[in-house]
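Novice: Take a look at the letters that make up each chain.
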Amino acid sequence: MTEQNLHSAYERRSIKQVLIILTCFVLLVVLAIGAVAVGSADVSIHQVWQSIVHHMTVAEVAEEERRIEKIILLLRMPRVVLGMLAGIGLSISGTVMQSITRNPLVSPFTIGLSSAAAFGACLAIVTGIGYKPHTPLGIVLNAFLMSLLCAFLVYGIASRIGMSPEALILTGVALSYFFGALTATLQFMADENQLSAAIQWTFGSLNGATWAQVLLLLLIIGTSIPLLLKFSWVLNAMSSSGDEFIKGIGINPSRMRTSLGLITVIITASIISFTGVIGFIGLVSPHIARLIVGSEHRVLIPVSGLLGGILLLVSDTIGRTIISPVTIPVGIVISYIGVPLFINLIMARRKEYF
Amino acid sequence: MGLEVKNLSFAYTDKEVLSNVSFEVKPGQLLGLLGPNGVGKTTLLKCINKIHTPSAGEIYVEGSRIDRLSEQNLAHHLSYVPQSTHSNFPVTVVDMVMIGRLPFMNFKVARQDKDVVFGLLSAMGLEDMAFKPINRLSGGERQRVFIARAIAQEPKVILLDEPTSNLDMKHQVDILKLLKRTITENNIAAVMTVHDLNLAGMFCDKVLMLKDQQVYAYGSCSDVITESNIETVYGVKTEVHERDGKQHVLLTDC
Chain A
2 MTEQNLHSAY ERRSIKQVLI ILTCFVLLVV LAIGAVAVGS ADVSIHQVWQ
52 SIVHHMTVAE VAEEERRIEK IILLLRMPRV VLGMLAGIGL SISGTVMQSI
102 TRNPLVSPFT IGLSSAAAFG ACLAIVTGIG YKPHTPLGIV LNAFLMSLLC
152 AFLVYGIASR IGMSPEALIL TGVALSYFFG ALTATLQFMA DENQLSAAIQ
202 WTFGSLNGAT WAQVLLLLLI IGTSIPLLLK FSWVLNAMSS SGDEFIKGIG
252 INPSRMRTSL GLITVIITAS IISFTGVIGF IGLVSPHIAR LIVGSEHRVL
302 IPVSGLLGGI LLLVSDTIGR TIISPVTIPV GIVISYIGVP LFINLIMARR
352 KEYF
Chain C
7 MGLEVKNLSF AYTDKEVLSN VSFEVKPGQL LGLLGPNGVG KTTLLKCINK
57 IHTPSAGEIY VEGSRIDRLS EQNLAHHLSY VPQSTHSNFP VTVVDMVMIG
107 RLPFMNFKVA RQDKDVVFGL LSAMGLEDMA FKPINRLSGG ERQRVFIARA
157 IAQEPKVILL DEPTSNLDMK HQVDILKLLK RTITENNIAA VMTVHDLNLA
207 GMFCDKVLML KDQQVYAYGS CSDVITESNI ETVYGVKTEV HERDGKQHVL
257 LTDC
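Heads up: the protein sequence lines correspond to chains A and C, in order. Heads up, the first sequence is in the working numbering, so the first residue is 2 and it goes up one at a time. Heads up, the second sequence is in the working numbering, so the first residue is 7 and it goes up one at a time.
With the rest of the complex left out, here is chain A (with noise of 0.2 Å):
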């Protein structure tokens, strides 16, 4: 190969990396719509879109199909929507995560994150600890600071230890077990009531999704992708090669640990203070677009982001549908999904990722 064909070969390759992008993004949008309609009432494609337009345009409608608009505007679309933005956020974090520590195996509920928001839920439910602890606001305050706490815990004690990956990583599992053994003594001191709704809690599910909810997630996932995304050549420097190295290039790799740390922190303890515990998703996700973009993150981080949202849109279609009216919480259908795809394509192309 010659000099200029590598410029052509590079050419081909960012074309392709573009089209699977888009291709992601259409498959998301598409399997969204169609997320709408589909539910214990269905409703087809061109009433959701008649309802939206019905929405912006005409005051008077008939009964029935305010009742299919209230369905569809209220229910169904800020469900899917924040499905999406779950999806989205949790995985990218999970991604950016797993490559400033530089392994494979670390996620929210690896760093403590997880364990802390539903200690946090729980202290709310049972003991009503927080501010208006026994509202759904308060117990997503309660998470939300639970997990941040956990994330300052973390950084606190592995800065003393020189901030590397296996010091966060150590200090994370250690703290992940700690809020585990806080939330069980609390379980164990609740009556059925509390108990029932604080392992709800940990199912993480969707239900009672609202429009703030969405806008706030919106907030907060559209700030900082393009933050993240900025650094990408960093997170490719970080997640491949050694601390020594990236000193040389003129990074200091603590200091991108924490601030890019923050980031996936603030997003993660954002969405799972909403919607409980939905670990998974962000370590198959990143894992699953690695083996199909690889690990230059300006590719990886939208396309482990759009397959995030299309894995929980589609976990969480197949939960509320599949024994309908009963909804299975989509953290547990992430796994039975997750889990096959993941090992199948771990085994399918071992070669090149191992």
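I should point out that these hints are in silico values taken from the structure, not numbers from a laboratory. These numbers come from a predicted model, not from an experiment. Hints may be right or wrong, so weigh each one.
[What the hints assert, rightly or not] Here are the computed lysine-lysine pairs in the DSS-like style, where the Cα-Cα straight-line distance is at most 25 Å:
#: 1; chain 1: C; residue 1: Lys-120; chain 2: C; residue 2: Lys-138
#: 2; chain 1: C; residue 1: Lys-32; chain 2: C; residue 2: Lys-162
#: 3; chain 1: A; residue 1: Lys-248; chain 2: C; residue 2: Lys-114
#: 4; chain 1: A; residue 1: Lys-17; chain 2: C; residue 2: Lys-138
#: 5; chain 1: C; residue 1: Lys-12; chain 2: C; residue 2: Lys-217
#: 6; chain 1: A; residue 1: Lys-17; chain 2: A; residue 2: Lys-231
#: 7; chain 1: C; residue 1: Lys-243; chain 2: C; residue 2: Lys-212
#: 8; chain 1: C; residue 1: Lys-12; chain 2: A; residue 2: Lys-248
#: 9; chain 1: C; residue 1: Lys-120; chain 2: A; residue 2: Lys-248
#: 10; chain 1: C; residue 1: Lys-243; chain 2: C; residue 2: Lys-217
#: 11; chain 1: C; residue 1: Lys-186; chain 2: C; residue 2: Lys-212
#: 12; chain 1: C; residue 1: Lys-176; chain 2: C; residue 2: Lys-138
#: 13; chain 1: C; residue 1: Lys-212; chain 2: C; residue 2: Lys-176
#: 14; chain 1: C; residue 1: Lys-114; chain 2: A; residue 2: Lys-231
#: 15; chain 1: C; residue 1: Lys-120; chain 2: C; residue 2: Lys-186
#: 16; chain 1: C; residue 1: Lys-186; chain 2: C; residue 2: Lys-162
#: 17; chain 1: A; residue 1: Lys-231; chain 2: C; residue 2: Lys-120
#: 18; chain 1: C; residue 1: Lys-120; chain 2: C; residue 2: Lys-162
#: 19; chain 1: C; residue 1: Lys-252; chain 2: C; residue 2: Lys-176
#: 20; chain 1: A; residue 1: Lys-17; chain 2: C; residue 2: Lys-120
#: 21; chain 1: C; residue 1: Lys-162; chain 2: A; residue 2: Lys-248
#: 22; chain 1: A; residue 1: Lys-17; chain 2: C; residue 2: Lys-114
[Claimed, not checked] Across the chosen pairs, the derived CB separations fall in these ranges:
#: 23; chain 1: C; residue 1: Gly-125; chain 2: A; residue 2: Leu-23; range: 26 to 36 Å
#: 24; chain 1: C; residue 1: Asn-43; chain 2: A; residue 2: Leu-23; range: 45 to 55 Å
#: 25; chain 1: A; residue 1: Val-340; chain 2: C; residue 2: Val-242; range: 48 to 58 Å
Cβ coordinates follow ideal geometry from the N, Cα and C atoms, glycine included.
Got chain A sorted already, so can you dock chain C onto it with the hints?
Specialist: Then chain C, alone, in the frame of chain A:
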């Protein structure tokens, strides 16, 4: 110009590791750092790389004192080839070399970055594996990629930590030939730590032998790689023969 180290000392909190080390490497020259394990060769590289802060002395890269340069600025003058490490998230060869352009680029890969990287890939015979993940390469190929990445940084000084470790004889010779050619063509001052005295004698323009935190011998290969120096520094009996102006070391101790 090039690299100049003056009276450098370095200590970990309780223990002095380097004491009063001085040397100079001119553009296009290759200096070999010799000495037994644990003598402070890698520590010396880390001082030059600004990973460690020396307790005394000065280091000049292209005439500028490095403690007055920011890390980002230093990255424009100096690059580092670490010992090869395994990565869980392998990027492709072309992306790995592109990482060397990081001090010069943001999100977008500019035409100039591509020109530099593709030029290096063909100059180093890496074109055919350009789009392979780095972990599919052999040890020798990977070492070539790491050197290419360091050169992509367009440095004036390059530091290499045992670039020939884990390579067979042919690949050791190939890598050092390539390194010599590259630093001569690009007028780069190079420092490498090396254990194989024969390779050092074959390829280095100058060598520096460390013993007990200090410079024991410094100069041309014929002055430094001698039977008595080797016995004092490494504690091993050898015979040194000169052939075609190069030093060849034979072990006689066993």
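Novice: Hints first: check each against the structure and report whether it holds.
Specialist: Verification of the supplied hints:
no., hint, in the structure
1, C:Lys-120 to C:Lys-138, "holds, 17 Å"
2, C:Lys-32 to C:Lys-162, "holds, 10 Å"
3, A:Lys-248 to C:Lys-114, "holds, 21 Å"
4, A:Lys-17 to C:Lys-138, "holds, 16 Å"
5, C:Lys-12 to C:Lys-217, "holds, 18 Å"
6, A:Lys-17 to A:Lys-231, "holds, 21 Å"
7, C:Lys-243 to C:Lys-212, "holds, 22 Å"
8, C:Lys-12 to A:Lys-248, "holds, 23 Å"
9, C:Lys-120 to A:Lys-248, "holds, 23 Å"
10, C:Lys-243 to C:Lys-217, "holds, 17 Å"
11, C:Lys-186 to C:Lys-212, "holds, 13 Å"
12, C:Lys-176 to C:Lys-138, "holds, 23 Å"
13, C:Lys-212 to C:Lys-176, "holds, 23 Å"
14, C:Lys-114 to A:Lys-231, "holds, 9 Å"
15, C:Lys-120 to C:Lys-186, "holds, 24 Å"
16, C:Lys-186 to C:Lys-162, "holds, 14 Å"
17, A:Lys-231 to C:Lys-120, "holds, 19 Å"
18, C:Lys-120 to C:Lys-162, "holds, 20 Å"
19, C:Lys-252 to C:Lys-176, "holds, 18 Å"
20, A:Lys-17 to C:Lys-120, "holds, 18 Å"
21, C:Lys-162 to A:Lys-248, "holds, 17 Å"
22, A:Lys-17 to C:Lys-114, "holds, 17 Å"
23, C:Gly-125 to A:Leu-23: 26 to 36 Å, "holds, 31 Å"
24, C:Asn-43 to A:Leu-23: 45 to 55 Å, "holds, 54 Å"
25, A:Val-340 to C:Val-242: 48 to 58 Å, "holds, 57 Å"
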